[in-house]
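A.B. asks: Sequence:
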Amino acid sequence: MLEARRLIAGHLPETPMWSYPVLDSIVGARVQVKHENVQPTGAFKVRGGINLLARMPDRSRGVVAYSTGNHAQSVAYAARLYGVACSIVMPENPNPAKVAAVQALGATVTVAGATMVEAADHARALADDQDRRLISPADEPDIIAGVATLYLEILSARPGLDAVFVPVGSGTGAAAACLVAAALAPRCRVIAVQSASAPAAHDSWASKELVTRPCETVVDGLATGSAFATPQAVMRDGLADFLLVGDDDIRRAQRMLLTEAHTLAEGAGAAALAGLMSVREEFAGREVAVVCTGGNAGPAELDRLLAA
1 MLEARRLIAG HLPETPMWSY PVLDSIVGAR VQVKHENVQP TGAFKVRGGI
51 NLLARMPDRS RGVVAYSTGN HAQSVAYAAR LYGVACSIVM PENPNPAKVA
101 AVQALGATVT VAGATMVEAA DHARALADDQ DRRLISPADE PDIIAGVATL
151 YLEILSARPG LDAVFVPVGS GTGAAAACLV AAALAPRCRV IAVQSASAPA
201 AHDSWASKEL VTRPCETVVD GLATGSAFAT PQAVMRDGLA DFLLVGDDDI
251 RRAQRMLLTE AHTLAEGAGA AALAGLMSVR EEFAGREVAV VCTGGNAGPA
301 ELDRLLAA
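In the UniProt record's numbering, the protein residues as written are 1 to 308.
By construction, these hints were calculated from the structure, which means they are not laboratory data.
Beta-carbon label-pair distances, calculated as ranges:
no., residue 1, residue 2, range
1, Asp128, Gly285, 50 to 60 Å
2, Glu14, Gly285, 20 to 30 Å
3, Ala307, Ile26, 17 to 27 Å
Think of the CB as a built atom: it goes at the ideal place given N, C-alpha and C, for glycine as much as any other residue.
Could you build all of it, start to finish, from the sequences and the hints given here?
C.D. replies: Next up, the structure:
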């Protein structure tokens with residue numbers, strides 16, 4: 001993790017973390033909001049992409065990744081940084097803002113498969129055909145180590161936190177938080193949050209085996225129908241709790257961040273706050289952190305957010 005921080009430091013400054021008095025009043029706790037929405041790709045995953053590409057010994061091969069968007073932007077950003085050819089596979093009906101962002105970074109985009117599982121199969125075939133390195137969204141220790149630099153920043157600044165709430169799609173963020181908390185702040189509880197409409201990671205954690213589940217959430221950053229072995233192995237021992245929240249709860253948290261923390265968050269970026277709100281009585285009067293993992297809200301998501 002320390003080596004990842006060194007590799008990333010030359011490319012990314014630390015992101016801000018603030019508390020907001022009105023938000024604190026509503027929640028009933030002191031809430032530190034970690035603003036990964038200000039990353040150059042608009043999301044935390046860029047940390048993992050840079051660390052992986054920095055450590056990749058055969059970058060000249062090029063890379064292929066599959067993603068609903070933020071992992072795609074992370075890999076595309078790092079590929080441009082290191083001059084690496086990059087292809088991205090997205091499942092059907094991707095967020096158009098994320099597609100445009102990936103293309104602007106110089107990567108090629110292929111839309112294939114109704115689900116992430118089918119997109120992964122297409123990406124695997126594409127990587128084999130082009131003899132490129134396939135980059136999983138989560139089963140990559142170097143990605144988790146890169147993401148861990150986010151939690152090094154949080155717990156170095158606030159080592160006395162009672163808990164940190166982390167949204168889960170593939171699980172890299174929650175796994176990274178577990179590793180850092182164990183090393184720096186073992187009394188800090190790591191609490192994962194996922195959409196109840198896409199509970200594969202939650203159910204895998206609860207059952208201690210990898211499972212697939214229907215993926216019906218409208219929150220594209222949490223839209224994963226299967227779990228990943230590497231983050232699950234870490235979360236199994238490291239998480240204090242794993243919460244499921246509704247998509248409506250996530251949308252309410254988005255509005256709360258917008259109005260009380262002056263922050264535009266995509267749905268996944270508001271899920272941590274939604275999780276905190278679901279258990280706020282337990283954390284009354286305590287100090288906690290929520291990670292706003294991203295701000296890449298697409299047009300349809302903005303319409304839903306502003307409709308009410």
